[in-house]
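Colleague: Protein sequence lines correspond, in order, to chains A and B.
The first sequence begins at 1 in the numbering used here and counts up one residue at a time.
The second sequence begins at 259 in the numbering used here and counts up one residue at a time.
To be clear, the hints were calculated from the coordinates, so they are not data collected in a lab.
Since this is a predicted model, take the numbers as computed values, not measurements.
Don't take every hint at face value.
[Said to hold, decoys possible] Derived Cβ-Cβ restraints for the label pairs, each shown as a range: (1) A:126 to B:367: 38 to 46 angstroms; (2) A:172 to B:606: 48 to 56 angstroms; (3) B:375 to A:212: 51 to 59 angstroms; (4) A:123 to B:507: 25 to 33 angstroms; (5) B:456 to A:226: 43 to 51 angstroms; (6) A:45 to B:437: 24 to 32 angstroms; (7) A:45 to B:606: 35 to 43 angstroms; (8) A:181 to B:494: 45 to 53 angstroms; (9) B:564 to A:168: 55 to 63 angstroms; (10) B:341 to A:93: 49 to 57 angstroms.
[Said to hold, decoys possible] Covered stretches of chain B (chain A as the covering partner; in silico rule of three or more C-beta atoms under 8 angstroms from a C-beta of chain A): (11) 284-294; (12) 443-455.
Backbone N, C-alpha and C define an ideal beta-carbon position, used for all residues, glycine too.
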Amino acid sequence: MMAMSLFKSVYATLIVGFLVAPLLVVLPLAFTSGAFLTYPIPSYSFRWFSELVENTVWSRAILNSLLIAGSTTVVATLLGTLAALGLRARNLVLSSQIRTLFLLPMVVPAVVLGVGMQALFVRFGINSTYLSVIVAHSVIAIPFVVISVSGALGGIDRRVERAAESLGARPHKVFFLVTLPLAMPGVASGAALAFATSLDEVVLTLFVAGPNQRTLARQMFSTLRENISPAIASAAFVIIVGTILVALLLLLMRRRSA
Amino acid sequence: MIKAAPMRALLLLGPLLVFLGLFFVWPLVTVIAQSVSDPSVSRVLNRTAAAIDGWDGTGVPSAEVQAAFRADVVANTDDMAMGDVTRRLNATKSGFRSLMGKTVSAVKEDPDIDLARIDDRWTDTAYWQAIQDNASPYTDAFLLAALDLERDKSGNIAAMPEGTSANATILLRTLWTAGVVTFCCLVIGLPYAMIAASVQGWKRSVLLGAVLLPLWTSLLVRTAAWMIILQDNGIINQALMGLGVISQPLALIYNRFGVVLAMTHVLLPFMVLPIYSVLLTVPGNLMNAAASLGAHPVRAFLRVLLPLSFRGVVSGTLLVFMAAIGYYITPALLGGASDQMLSSVIAFYATGSANWSMAAALGLILLVLTLILYAVYNRLSRDPVEAR
Chain A
1 MMAMSLFKSV YATLIVGFLV APLLVVLPLA FTSGAFLTYP IPSYSFRWFS
51 ELVENTVWSR AILNSLLIAG STTVVATLLG TLAALGLRAR NLVLSSQIRT
101 LFLLPMVVPA VVLGVGMQAL FVRFGINSTY LSVIVAHSVI AIPFVVISVS
151 GALGGIDRRV ERAAESLGAR PHKVFFLVTL PLAMPGVASG AALAFATSLD
201 EVVLTLFVAG PNQRTLARQM FSTLRENISP AIASAAFVII VGTILVALLL
251 LLMRRRSA
Chain B
259 MIKAAPMRAL LLLGPLLVFL GLFFVWPLVT VIAQSVSDPS VSRVLNRTAA
309 AIDGWDGTGV PSAEVQAAFR ADVVANTDDM AMGDVTRRLN ATKSGFRSLM
359 GKTVSAVKED PDIDLARIDD RWTDTAYWQA IQDNASPYTD AFLLAALDLE
409 RDKSGNIAAM PEGTSANATI LLRTLWTAGV VTFCCLVIGL PYAMIAASVQ
459 GWKRSVLLGA VLLPLWTSLL VRTAAWMIIL QDNGIINQAL MGLGVISQPL
509 ALIYNRFGVV LAMTHVLLPF MVLPIYSVLL TVPGNLMNAA ASLGAHPVRA
559 FLRVLLPLSF RGVVSGTLLV FMAAIGYYIT PALLGGASDQ MLSSVIAFYA
609 TGSANWSMAA ALGLILLVLT LILYAVYNRL SRDPVEAR
């Protein structure tokens, strides 16, 4: 039994290391003063962070990413939340089919969707515009919003809404004063996931974005292909820290609403 | 009030249904249409295509068909498009290249000239047959080519000559790589999920956190991390050389090893989480019960825990395999030229060589494979009580 539990601990530690170590290895390299992404680090500096800000290729990419991810979050959260509310209706015809359709963008290979979107957007004359990128990102961000808002709505006790109705509240008042506040944590985490999805999206962007819509992820992808510059590690640092901050923010919101 | 409810649901669902119809379903339909469409001949020779449809394929087509053909040649102003047509016809029946060149200049000079007087070949059934074969705006040629198949002279499906197309090789490679990744995830993930489900408190939080953290981190960042670790002067090679184990850096990147390692890391959470959530529903004292009844731990594992976790194993396996066959970024960055998977080839045909029909045909195969896997997954992962 001792040997068994020792084996379990060693195994679990190894796999935790395998999962986490790659991320930990990248972080210190963001602060290297050298020109290469290798250990040992010659000395620490913010050289590559200033590269991100001062080099217009990177700073433009960061601004593009914020603009596109921000717009995607608005579009996806709005459409996804409305749809999740619609899916609550009882006796809805084809409800499981509609739900499957809403989740499919998560399943369909991005390259296939990219080929189709590019062909269609070229025909519409909107390819290589901010509009085409935001639309493409919204399509694949929507499933995350639908899932997380549906989850939050599923946890609402319908008797609370009925109580409000029986006390004379009109439907829109019930919605804004009861349903929406209760569903808010789900909406917020859906929005965060939509933002993160857009920030990390590369494949669709390759197909539907032009040189002017180069996003941070797209810029990282081509830098990785051409020459591995330490600016990559700095960009990765920004993304990792950003992710942790968003996660903490969500955790705080959950705490407060609970 | 009761009648208003479905109306309200429709108003709420409507915007997303329209949005996804326009920007999700339509693009996929475009891919499907593109993979079977072949407009290059029918667009230029549109009158001929309409007229030759009724020809029975014996002798030479009627005077009307020939007149339609001459009219198409005269009406065409796009030399590039005509070049495309010639190339296509020449692929079906060699000799068309010189015949078309001669015919186009002769017909442009005299629109009413008798085709047989320009060249003898216009009295040969085989040349007209080639036009009829290519006249349809639809073709299965791209879908067949995606599987390294083609139609032979008599119209039967046959394998392409060895070495002319690598599509089938790439398809098999994609399935094989995805299979290896899935296997690695299962071998690593199943014990991990079992351990995570068997411990409590902070240990469980750490084990779950380690799975969720990579899931939350950008895919691009994780792939970049592996590139940094595995490169020739990366941390692994430096450590091994420092220890004197090796004198030359090992090739860990731009090969299959790097692709499988990084993809296993990226997809492991999709294996662990479904198994873990199924194991949580298994009562914790079952293993103790088996032990108290005298079962050896190995036997208890094989006869009790493994069958109970089977549903999670199947879900995780399908999920990982489904995601792996469509992967683009990781193989593109960590693989060499001979490790590229289906997605890279589709991207190459679409953006690199502008062969949209070929890209669409390969895309359709990937799409169908993924949807079949998803349908199976969906069916299995439904609540077993409800499914019954």
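Colleague: Run the structure past the numbered hints and jot down the numbers of the failing ones, going up.
Modeller: Of the numbered hints, 4, 6 do not hold.
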